[in-house]
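Chemist: Top line first, the protein sequences correspond to chains A and B.
Here the numbering used here is used: the first residue of the first sequence is -14, the next is one more, and so on.
Here the numbering used here is used: the first residue of the second sequence is -14, the next is one more, and so on.
In case anyone wonders, no lab produced these hints; they're calculated from the structure.
You may find that some hints are simply not true.
Given that identical chains are not distinguished, each listed pair holds provided it fits within a single copy or across any two copies.
[Unchecked claim] Derived pair list, reagent style DMTMM-like, types lysine to aspartate or glutamate, alpha-carbon separation capped at 25 Å:
#1 Lys(-13) / Asp12
#2 Lys(-13) / Asp149
#3 Lys(-13) / Glu20
#4 Lys150 / Glu61
#5 Lys40 / Asp4
#6 Lys40 / Glu151
#7 Lys(-13) / Glu58
#8 Lys(-13) / Glu61
As the structure is a computational prediction, the values presented were derived from the model and not from experiment.
There are 2 protein chains.
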Amino acid sequence: MKFCSNCGARTVQRIPPGDNLPRAVCDQCDSIHYENPRLIVGCIPEWEDKILLCKRAIEPRVGMWTVPAGFMENGETTAAGAQRETLEEANARVDIVAPYALYNIPHINQVYLLFRARLLDLDFSAGSESLEVELFTADSVPWRELAFATVRNTLTHYFADRQDKEFRFHMGTIEPMRTTHDPSTPV
Amino acid sequence: MKFCSNCGARTVQRIPPGDNLPRAVCDQCDSIHYENPRLIVGCIPEWEDKILLCKRAIEPRVGMWTVPAGFMENGETTAAGAQRETLEEANARVDIVAPYALYNIPHINQVYLLFRARLLDLDFSAGSESLEVELFTADSVPWRELAFATVRNTLTHYFADRQDKEFRFHMGTIEPMRTTHDPSTPV
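Only chain A is shown next, with the shape it has when bound in the complex (with noise of 0.2 Å):
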């Protein structure tokens, strides 16, 4: 933030007083201004023993395949927000039915967080960010041309839990090169 959005001064990088990280503080209006990490919500839409998965039509990673997910709006919650972007995505409507899987990227300043969902229909189609929607099983999901390591993650233990016949709530933090799992919780 280069310069002030209430009043359109430049802003100066400065400690304000009581707290301890630099941020765009403006002289001329006195605003201070903070950047937070943004939410990405989504969902794993179930249909019987399979799940729907969008290939991308947009950078970043067009052509892979993802769950429909995305920034969570202002004035929405985080299912709302899940349930708006499978119907974006895959014009599908679906009910939220858990949370399923929280994972932090702090390199680029963002948390996803991914809900268990229930089809309602099988009227679904390619949304204007998607090249295809398809259903598939844990035997037919493409694991070599999934999106982001958040998805090849959630889905290897969404298809773990199934046959386990438990699910419960995974997190986990997605680094630069690797992928580990926040040692103080179990996944």
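Given the coordinates of chain A, assemble chain B onto it according to the supplied hints.
Modeler: Using the frame of chain A, we list chain B on its own:
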């Protein structure tokens, strides 16, 4: 956002091509500025049959009690943010045990994520944002002096779960005048 944080020009509110919500758009440098909900991370620090609460020294709700929590910062994980807030507000060191509760507060564009945590020692004290820091049993919690609905709901679930000897993940939505739970997710 009245002015562009990238170039300082005045922005206009407009729906960008391919989008469906109005955004602050800069016609001088073609930036689109998105505003998204913020994550508040915190924890319930446990010590034997007690939990640690902080009496707030800052607005809102000065003099009311809360769990240690605050805005997640860029570059950290949700668990690291909860640990940092606990250190800042209560000078207390914790190990994060597991995610425990998620509350949507859509009317103020916030999402609360609270963990269960294990207090590592009794060497805690009020940080600069707290007036007092104290351990409470279920019976001694100042229920009528809790700062936020998120805290009241979380602690109600927490002590009920502890009696049941089973901690489940809770999710709910705080509305302006009342508290409801996402119908999609059992709490």
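Chemist: Indicate which option fits the pair Lys(-13), Asp12 if close means a Cα-Cα distance not exceeding 25 Å: within, between, both or neither.
Modeler: both (13 Å within a copy, 17 Å between copies)
Chemist: How would you classify Lys40 and Asp4 at a CA-CA limit of 25 Å: within, between, both, or neither?
Modeler: between (44 Å within a copy, 19 Å between copies)
Chemist: Within a copy, between copies, both or neither: which one fits Lys(-13) and Glu61 at a CA-CA cutoff of 25 Å?
Modeler: between (29 Å within a copy, 23 Å between copies)
Chemist: For Lys(-13) vs Glu58, is the C-alpha pair at or below 25 Å within one copy, between two copies, both, or neither?
Modeler: So Lys(-13) and Glu58 pass the 25 Å test inside a copy (24 Å) and across (19 Å) alike.
Chemist: Classify it for me, Lys150 with Glu61: is the Cα-Cα distance of at most 25 Å met within a copy, between copies, both or neither?
Modeler: neither (31 Å within a copy, 33 Å between copies)
Chemist: For Lys(-13) and Asp149, with the copy left unspecified, which applies at a CA distance of at most 25 Å: within, between, both, or neither?
Modeler: neither (51 Å within a copy, 52 Å between copies)
Chemist: Within, between, both or neither: how does the pair Lys(-13), Glu20 come out at a Cα-Cα threshold of 25 Å?
Modeler: both (12 Å within a copy, 17 Å between copies)
Chemist: Using 25 Å as the alpha-carbon threshold, which applies to Lys40 and Glu151: within, between, both, or neither?
Modeler: neither (28 Å within a copy, 39 Å between copies)
The structure shown violates the earlier hints numbered 2, 4, 6.
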